[in-house]
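Starting from the known structure of chain A, fit chain B onto it as the hints suggest.
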Amino acid sequence: MHRSLAVVISVLVLTMTAVPASQAAEKVWSGLVIAENVTEPQPIPSELTRIEGSLKRFFGYNQFQVIGQSRKTLKTGQEDWLATSKFFGLHVDARGETQGGYVLNLKLYKEKELLLETDAKLSKRSPLVIKGPQVGGGQLLLVLVVQ
Amino acid sequence: MKTFEEKWTAWLDGQLSGRELSDFEAALPDKAAAQAEKAEAKKLGTLLKRELTAHPLKNEEFFSHQLREGIVQGRGGQRRERARRSPTSNWWTVPRLLWAGTASLAIFLICTVLVMRQQRPAEESQYLTQILNARVDPVVSPNATVSIFEVKQDRVTVLWTEGLQSLPADYAAK
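Chains A and B supply the protein sequences, listed in that same order. Under the numbering used here, the first residue of the first sequence carries the number 1, and numbering increases by one thereafter. Under the numbering used here, the first residue of the second sequence carries the number 1001, and numbering increases by one thereafter.
For reference, chain A alone in the conformation it holds in the complex (with noise of 0.2 angstroms):
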């Protein structure tokens, strides 16, 4: 009787410690999106499968290549990473943990020029886009993924 309660009670303390701790190591992916209209489009990356319908629907391109891309692993929530291309550079700093996400403050720069800075609060279950400047036919967009 006692030892199955002293399991029970393990179990218990095991599984309410092990969720924070799954919880606290988690990836963000960070893209710069060239989205175009092409005759012949490329398949989408696998980071934005999740979010393809959404991003035809409302961008109204059919090609989505990834041109600078970062995938961080947050643990404190502190962190702050760049992903970068060749001209632009997207600077997130992560400024804590919220309850189902976290509180980021993006930078987009052109080379060395600030063209748009946001802060979000990033959920674990909700993806950010952005939609930057318009570059040749196509469109710059900020894709920020939990993954």
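Read the hints as simulated data drawn from the structure, not as lab findings. What you are looking at is a predicted structure, and each value in this text was computed from that prediction instead of being measured. We put the beta carbon where it would ideally sit given N, CA and C, even for glycine. Worth double-checking, as some hints may not be accurate.
To be verified - Here are the simulated lysine to any residue pairs, SDA-like style, with alpha carbons at most 20 angstroms apart:
#, chain 1, residue 1, chain 2, residue 2
1, A, K107, B, Q1165
2, A, K86, B, L1128
3, A, K72, A, E26
4, B, K1174, A, G136
5, B, K1174, A, Q63
6, A, K27, A, Q78
7, A, K124, B, Q1153
8, B, K1007, B, A1027
9, A, K27, B, L1128
10, A, K124, B, R1155
11, B, K1152, A, G53
12, A, K27, A, W81
13, A, K107, B, E1162
14, A, K112, B, D1170
15, A, K86, A, G136
16, B, K1007, B, E1025
17, B, K1174, A, V66
18, A, K107, A, D80
19, A, K107, B, W1160
20, A, K86, B, S1166
21, B, K1174, A, G89
22, A, K27, B, R1155
23, B, K1042, B, E1060
24, A, K107, B, T1161
25, A, K56, B, Q1153
26, B, K1152, A, R125
27, B, K1174, A, S70
28, A, K124, A, G100
29, A, K112, B, G1018
30, A, K27, A, K86
Said to hold, decoys possible - To spell it out: a stretch of chain A is covered by chain B in this simulated footprint if at least three of its residues, at any positions, have a beta carbon under 8 angstroms from a beta carbon of chain B; those stretches are:
#, stretch
31, 39-47
32, 51-63
33, 71-85
Said to hold, decoys possible - Just a sample of chain A residues kept apart from chain B, beta carbon distances all over 10 angstroms, derived:
#, residue
34, K27
35, D93
36, S123
37, Q147
For chain B alone, kept in the frame of chain A given last:
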């Protein structure tokens, strides 16, 4: 066949007769002492009969007796009532336990429903990514505007900018 003790008791009570009486008296070793003992037993019997007879109660005694019984019964009843109401009494009987369990469960369910109702809007807001603020460099893009869309169906939040400076296709390089 009667024993000597049985015959002795019957002789003291005067229940022996005829040949049985004469045989028993002949068998007595000291008839005079036996007769004296028989007389003593008779005296004792008479005394006991007289003293142990219940006296009929007079009217005053009867009412007094009835009153005392009433008081005693009343005290007993009060004591039982007090014991029934007392918190130190055996409160956790099975029916009361059942009632207490059911009531606790009902209160728990009500609280759970209330808490869940209060938390639902908060959960929905945590469900989608939120844009807290957005700024565009007014020098580089003086006519730029910013809008926010939440596609709840796809769980996507979009920060929509208009009027940013357009760039040549070379900027799409990796």
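Against the structure, the hints come out as follows:
The straight-line distance between the Cα atoms of K107/A and Q1165/B is roughly 16 angstroms, inside the 20 angstroms bound, and the hint therefore holds. Annotation: proposed proximity of K86/A to L1128/B is violated, straight-line Cα distance about 31 angstroms (limit 20 angstroms). Between K72/A and E26/A the CA atoms are separated by roughly 8 angstroms; this keeps the pair inside 20 angstroms, and the hint holds. Among the hinted pairs, K1174/B with G136/A is consistent with the structure: their alpha-carbon atoms are about 14 angstroms apart, no more than 20 angstroms.
A threshold of 20 angstroms between alpha carbons decides the hint, and for K1174/B with Q63/A the separation of about 15 angstroms falls inside it, so the pair holds. This hinted pair checks out: K27/A and Q78/A have alpha carbons roughly 13 angstroms apart, not beyond 20 angstroms. Between the alpha carbons of K124/A and Q1153/B the distance comes to roughly 16 angstroms, so the proposed pair stays at or under 20 angstroms and holds. Between the alpha carbons of K1007/B and A1027/B the distance comes to roughly 11 angstroms, so the proposed pair stays at or under 20 angstroms and holds.
As the CA atoms of K27/A and L1128/B are separated by approximately 18 angstroms, the hinted pair is consistent with the 20 angstroms bound. With a C-alpha separation of about 10 angstroms, the suggested pairing of K124/A with R1155/B holds against the 20 angstroms cut-off. A hinted pair counts as satisfied when its Cα atoms are at most 20 angstroms apart, and K1152/B with G53/A qualifies at roughly 13 angstroms. For the suggested pair K27/A and W81/A, the alpha carbons sit about 12 angstroms apart, so the restraint of at most 20 angstroms is met.
About 17 angstroms separates the Cα atoms of K107/A and E1162/B, which keeps this hinted pair within 20 angstroms; it holds. Taking the CA atoms of K112/A and D1170/B, the gap is about 17 angstroms. The hint holds against a cut of 20 angstroms. Using a Cα cut-off of 20 angstroms, the hinted pair K86/A and G136/A holds, with the two alpha carbons roughly 15 angstroms apart. Restraint check for K1007/B and E1025/B: satisfied, since their Cα atoms lie roughly 10 angstroms apart, inside the 20 angstroms limit.
Simply put, K1174/B and V66/A have alpha-carbon atoms about 8 angstroms apart, close enough for the 20 angstroms limit, and the pair holds. Between K107/A and D80/A, the direct Cα distance comes to roughly 11 angstroms. Compliance with the 20 angstroms bound is thereby established for this hinted pair. Among the hinted pairs, K107/A with W1160/B is consistent with the structure: their alpha-carbon atoms are about 15 angstroms apart, no more than 20 angstroms. Restraint check: the Cα-Cα separation between K86/A and S1166/B comes to about 17 angstroms, which is no more than 20 angstroms; the hinted pair holds.
For the hint linking K1174/B to G89/A, the alpha-carbon distance of about 11 angstroms falls within 20 angstroms, and the restraint holds. With a CA separation close to 18 angstroms, the supplied pair K27/A and R1155/B stays within the 20 angstroms bound. Distance check on the hinted pair: K1042/B and E1060/B sit about 36 angstroms apart at the alpha-carbon level, beyond 20 angstroms; violated. Pair hint K107/A plus T1161/B holds up; C-alpha atoms about 14 angstroms apart against a cutoff of 20 angstroms.
Of the pairs offered as hints, the one joining K56/A and Q1153/B holds, with about 15 angstroms between alpha carbons and a cut-off of 20 angstroms not exceeded. A hinted pair counts as satisfied when its Cα atoms are at most 20 angstroms apart, and K1152/B with R125/A qualifies at roughly 11 angstroms. Restraint check: the Cα-Cα separation between K1174/B and S70/A comes to about 13 angstroms, which is no more than 20 angstroms; the hinted pair holds. For a cut-off of 20 angstroms, the pair hint linking K124/A to G100/A stands: about 6 angstroms separates their Cα positions.
For a cut-off of 20 angstroms, the pair hint linking K112/A to G1018/B is broken: about 151 angstroms separates their Cα positions. The suggested pairing of K27/A with K86/A is violated, with an alpha-carbon distance near 24 angstroms, which exceeds 20 angstroms. Evaluation of the coverage hint for the stretch 39-47 of chain A: breached, as 0 residues show C-beta separations to chain B shorter than 8 angstroms, against a requirement of three. Counting residues of the stretch 51-63 of chain A whose CB lies closer than 8 angstroms to any CB of chain B gives 4, so the stated coverage by that chain holds, three being the minimum.
Judged by the Cβ-Cβ criterion of 8 angstroms, the stretch 71-85 of chain A is not covered by chain B as claimed, because only 1 of its residues qualify and three are needed. Even its closest Cβ contact with chain B, about 16 angstroms, leaves K27/A beyond 10 angstroms, as expected for a residue assigned away from the interface. Non-interface call for D93/A relative to chain B: holds, since the shortest CB-CB distance, roughly 13 angstroms, exceeds 10 angstroms. For S123/A, the requirement that its beta carbon stay farther than 10 angstroms from each beta carbon of chain B is not met, with the minimum near 5 angstroms.
Annotated as non-interface, Q147/A keeps its C-beta farther than 10 angstroms from every C-beta of chain B; the closest such distance is 14 angstroms.
This entry does not satisfy hints 2, 23, 29, 30, 31, 33 and 36, going by the numbered hints stated previously.
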